[in-house]
Each structure stands twice: as C-alpha cells, then as structure tokens.
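With the sequences and hints as input, model every part of the structure.
There are 2 protein chains.
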Amino acid sequence: MAESDKGRRTIRDVAKAAGVSIATASNALNGIGRTKAETVEKVRRVAEEIGFRPNALARGLLKRRSHAIGMITNDTYGRLTLPMAAGVSEALVDHGVSVFLCATNNDPRLARLHLESLLDRQVDGIIFTATRLDLRPPPEFAKLPIPVVYAFAEGPKESVTFHPDDAQGARIAVEHLQGLGRQRILHITGAEDYKAARIRADSYRELVGSGSSVMFGDWSEEWGREAVAQVLARGSARPDAIFCGSDEIARGVIDALRDNGISAPEDIAIAGFDNWEIVAKQTRPPLTTVDMELKELGRRAGLAIHQLCNGESVEPGQTLLPCSLVVRKSA
Amino acid sequence: MAESDKGRRTIRDVAKAAGVSIATASNALNGIGRTKAETVEKVRRVAEEIGFRPNALARGLLKRRSHAIGMITNDTYGRLTLPMAAGVSEALVDHGVSVFLCATNNDPRLARLHLESLLDRQVDGIIFTATRLDLRPPPEFAKLPIPVVYAFAEGPKESVTFHPDDAQGARIAVEHLQGLGRQRILHITGAEDYKAARIRADSYRELVGSGSSVMFGDWSEEWGREAVAQVLARGSARPDAIFCGSDEIARGVIDALRDNGISAPEDIAIAGFDNWEIVAKQTRPPLTTVDMELKELGRRAGLAIHQLCNGESVEPGQTLLPCSLVVRKSA
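As you go down the protein sequences, you meet chains A and B in turn.
When we follow the working numbering, the leftmost residue of the first sequence carries the number 31, and every step to the right adds one.
When we follow the working numbering, the leftmost residue of the second sequence carries the number 31, and every step to the right adds one.
Just so you know, the hints here were simulated from the structure itself, not pulled from any lab data.
If you're wondering where the values come from, they're calculated on a predicted model, not measured in any experiment.
Treat the hints with care, as some may be off.
One copy or any two copies: either way a pair holds, since identical chains are not told apart in the list.
[What the hints assert, rightly or not] Here are the simulated lysine-lysine pairs, BS3-like style, with alpha carbons at most 30 Å apart:
#1 46 x 173
#2 46 x 72
#3 225 x 311
#4 359 x 46
#5 325 x 311
#6 311 x 359
#7 173 x 359
#8 173 x 72
#9 325 x 359
#10 187 x 325
#11 173 x 325
#12 46 x 66
#13 173 x 225
Written out as structure tokens, the structure reads:
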C-alpha cells in the first residue's frame, strides 16, 4: 500500500540531479546566499523537472507562518457555512493559503478539540462563523494569540466582524412589494430571540408604518402554514402581500394559501429571505427573495484574515454587507 | 492589531522558565536524549504552565508527517459533503489529524490549485468525494505520491472506495411498501445516466417482478409532479405505492397527489430516498425514506485514510455500507 512519503523528492535528489551541494541547492531554491544566477536557474529547473516540492512545513517554520487558517462553525447543515467557505477559499487560494474546516456541531468538547488542534498546527488565523448573528464564540476565543475574524457571528467588542445588512435586506423586499402597489403588507417571521428576526422586523415596521403587523414564530414551513391559518381565521381585511422572514416560512405560506384557493402573486404577493435555492426555486410559483450574498461575505472575511495574518491593520468593528433581491414569480 | 506570532511561547521561554538549556528543554519535550526523568518532568510541567505549544510544524518535519489530510469535493451545496465531512472529522479529531476542506465547484482550475496547495503543504493523504457515485477524479489523481480514499465517488481500479449500498437501500424501501400489503408499486426516479438511479431501479425491479414500472426523469420536485400528472392521465390501474428515487422527487409526488385529492399513505403510500431532513420532515405527511448514513460513510473513509497514512494496509476495492429506513408517516 501507499505510504505517506512514497515517491516524495527531497532536496538531496535535487542537489544530485543538478550536480551541486545540498547547501547550494537549498540556497538556490530559497533565494538566499550568493549562488550564481545561472546555478539558481539550473537548480530551479531541475527541481521542477524531477517534481520536487519545496517543503511547505519547512518554509512555515522559517517564516513562522503555516499559510493555513482555521474556519470554525457550529453549522452542520452547511446551508450557511458552505457558501461562506467557498468565498473564504476563493479569497485565499491564490495566496496559497488553505482552510481547515472545523464543524463543532454545537458540542463544546469538539469545539475545544478543534481549537487546540488548530493552535497546535499554528494556523495563522481563525474565522469563526455561526448559524445565527448573535451566537458568541466559546470564551477561549477572547485570549487567542492569533487573529480572529467573525463572519455571521457575534464577535467581542472591537473585533473584526462581517454581517449581512439585514435591515437593508428587509427594506429592498418591502419596497419591492410596495412598488407593486401592495397596501396591506404582513410580516411573518422566525423566533423573536434571533437578532436577525428583530432587525428585519424593525426595518419592515419603519417602512410600513401604522398598518404594520409582525407575527413571530419559528423558522419552519409549519409555522408559515400555521400563521396563514391564523390570518384566514381572523377574517378581517386580508393582507395583499406577505414578507416572510425566511424561504422556508414563505414556502409554508404559499402552500397554505394554495390549499385555500388563494393564489400568489395575484391575490397575495409573497417575498422570502435567504434565496436558498432548494426551497426558493421549488415553491409554486418560484419565490422572490432576499439573497444575503454569503459567498461575498466569506470572501471579505477571507481577505480580512489574510491582511491580519500579514500584520496589516484592519479597521475593527462590524461591517454590514448589502443584500440583493432575486425577483422570481411570487412578487 | 494582532500579529501572527504575538504571544506565542517558544522553546526559549520554556528553557528560561525551567532553568535549563534550550537543548535540554527540547530533548525533554521530544522525549529524546539522556535527560534525567525529574528534569523531563519539570520541563514538561513548566511548558504546560506557560502555555507552550510543541510546534506541530517542527514535529511534522521530523516525522515527515503533517497530520493533516485534504478532503476535495465537487459539491458546493454541502448536502452530501457536510455530513461526510462531519464523519471524517469525527474519525480523525482524536488522532490529532485536521482536515483541509477544498470545494472545487466543478472548476478544473480550482481543483488543480487546491491539489497543488495540498501537496505543497504535504498533507498525509486525500479523501475525494463527489455528488455522484460515478464522478471520476481529475487525471492528476492517478499519480499522487500520497494515499487517496474515494467516498461517494468513482475511484480508479484497486483504489479504496466507500459507497452507500444503493441496492440494499432500495430493497428495504420496497420491502417496507410490500410489507404494508401494497401490490402495485411504481418507481419514479432521477436521470438514468446516474449509476445510483440504475442500481436502485434494478433492485426495485428484482423485488417487484412483472408488475414493475420505472419512470426515469431528473432529481427535482418538478419531475415528481410531472410524473404524477402522467400517471393520472393514463387512467389505467393506479399504483397503491410509489417508491421515489429522492426525497425531492417524493415531495413533488406528494404535492401533486394532494392537489388531485389523493392522500398519502391512505390512497398511495410514498417512500423517498436520502432522508434529507429539510425535505423529508416537511412533506405532508412527513416522509418515510432511506438514509444513506453519510456520516458513517465519512467516518469509515476517515479511518481508512488514517490507516493508509500510518503505512498500514487497507483492503483495496469498493466497500458498500448499509442504508437504513427512517419510517415517518407517508408509508
């Protein structure tokens, strides 16, 4: 069976093939010492020909850099993490920085193990992400000897944090519904103890004014259906549009309206929040919804950690990144 | 701002605090040389007290091991990858092995960049995963100098590969429907060019025999709805059960039946495949479906790559891991 260093070329092989000493080969590859330019060129050409890889571990030791960062997340579904991880990776891959992905599954023991392991292998920095904006990292994070960037999570004061601009996201959705001439816009959303739910609701209330009505519940399709049942039972002036706090809620809302012979967008226009395509593209009709641009959020977090790891300074505080509206058929 | 080595304790600090030479401190921590047992103990205690971390990079150099592996996936959604990654991580975290997650987004340039980067940092091995069983890795994989394990992907001949047992998974679903006394079981599934679709269909045909009927289409809810429309238009003997090739297809099937006043499981029992909870728990009624046990698949792949990296031998060939049936309300 394969072994871990089977076939790996060493500096010794390069020196032999180039007909120089190991010291000369090493100097040539590292661009140090007083080796003649033509020798440097020859050593490098030979190294490439025989497939020698300069040892990243050794270079890391020299520079006290591992050129790796850790991304710690409490998310196991990957719904939020994977797009962010793709953005982080996009920002870093061209700099030769790789990403250790550590899913803690909300298990403090696992979180500590991952953190120990990341420190042990001397990652240059850590990106902490979560499934909710107001999730705080474990207390160990406060005293880490390396830079930390927070994305879609609550960092300590003065930390570098990236969040989607939930207020602006809610605003473009509600303005879109208003732009369609809708006058009685209802907001059905998730749990009020989520910061994102409160921010979006406040933004909605500000635009809709005195006619506003927010129904908090949870982040499920079931709550969307249940909320519609409550609204229809009231019997009073029906909404002509519903802004939903998530795509899953929107799907429940649309299904329940359909069951009652009420069609979207003709009778009631529907907007969602997430642009989670597996849901948003499958509602009938397909869902108009807010996209939090999570990949861009990840890219920004990746660039920030890269700057911090290079010793460059990054403005501390929370950066809000704009959301976009994806218009499909439901509004 | 934080810098990459701010606050990191060095071997120098340990030596000073323990009142010994750097060489002695180093020997004590590495368990080499002829240092007295009490000195070794003192150095180690002091190292722990001041928060010194033995340098994983340096240890990696000594042992030619980085104690890191790469996991390369073409999957960006994370639906299949994240549970597998959780399993891989679970198998490796206690061995101090971390996982670089590299999503290629089906982009060959990105795949090459990630592979270069992983080799450059001398990972001990690679796990290749994909979104379909028959996806082959890029040609570069054939000649890697380190072990590779394939999970939910098609490895070269004689490679170590882990797949869910799709035939057995289909069998337990169909047997469950038969156990409910259903006589006319239809199979609605995804694209026939997917190996998994063909294996599941063959397994279904074998059990159902002469009355079998397979409708290939794609892996979407929309196809589930369209297939039901075709079945109802035929008008001939209706199925009393439908085995669906994915949860999304099953959701489309259930919704379309509901729209036509046909209820599950009373009129037609429905079984899915995937146990993707975001879909399977939200159908009305909740879906009885096959779980591919992807976390266990990841755990097995993690253990295999760990053995290979240790130079232990692992039986080459394809290992099929059993699926389980999650019984909810639809059948």
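Here is what the structure says about each hint:
1. When the C-alpha separation of residue 46 and residue 173 is checked against a cutoff of 30 Å, the pair qualifies only between copies, where the shortest distance is 23 Å, while the shortest distance within a copy is 48 Å.
2. Proximity of residue 46 and residue 72 under a CA criterion of 30 Å is satisfied intra-copy only: 12 Å inside one chain copy versus 44 Å between copies.
3. Taking the closest pair of Cα atoms, residue 225 and residue 311 come within 30 Å of each other both inside a single copy (27 Å) and across two copies (26 Å).
4. For a Cα distance limit of 30 Å, the shortest separation of residue 359 from residue 46 qualifies neither inside one copy, at 68 Å, nor across copies, at 70 Å.
5. Proximity of residue 325 and residue 311 under a CA criterion of 30 Å is satisfied in both settings, with 19 Å inside one chain copy and 27 Å between copies.
6. Proximity of residue 311 and residue 359 under a CA criterion of 30 Å is satisfied in both settings, with 10 Å inside one chain copy and 26 Å between copies.
7. In this assembly of identical chains, residue 173 and residue 359 lie within 30 Å of each other by CA distance neither inside one copy nor across copies; the values are 49 Å within and 49 Å between.
8. In this assembly of identical chains, residue 173 and residue 72 lie within 30 Å of each other by CA distance solely across copies; the values are 26 Å between and 47 Å within a copy.
9. In the homo-oligomer, the alpha carbons of residue 325 and residue 359 lie at most 30 Å apart inside one protomer (24 Å), although the nearest pairing across protomers, at 37 Å, exceeds that limit.
10. Taking CA atoms no more than 30 Å apart as the test, residue 187 paired with residue 325 passes inside one copy only; the shortest distance there is 25 Å, against 37 Å between copies.
11. In this homomeric assembly, residue 173 and residue 325 come within 30 Å of each other (Cα to Cα) only inside a single copy, at 28 Å, whereas the closest approach across copies is 33 Å.
12. Taking identical chains as interchangeable, the C-alpha atoms of residue 46 and residue 66 lie at most 30 Å apart only when both belong to the same chain, with a minimum of 18 Å there against 41 Å between chains.
13. In this assembly of identical chains, the alpha carbons of residue 173 and residue 225 lie at most 30 Å apart only when taken from the same copy (26 Å versus 50 Å across copies).
In the structure shown, a violation is registered for the earlier hints numbered 4 and 7, in ascending order.
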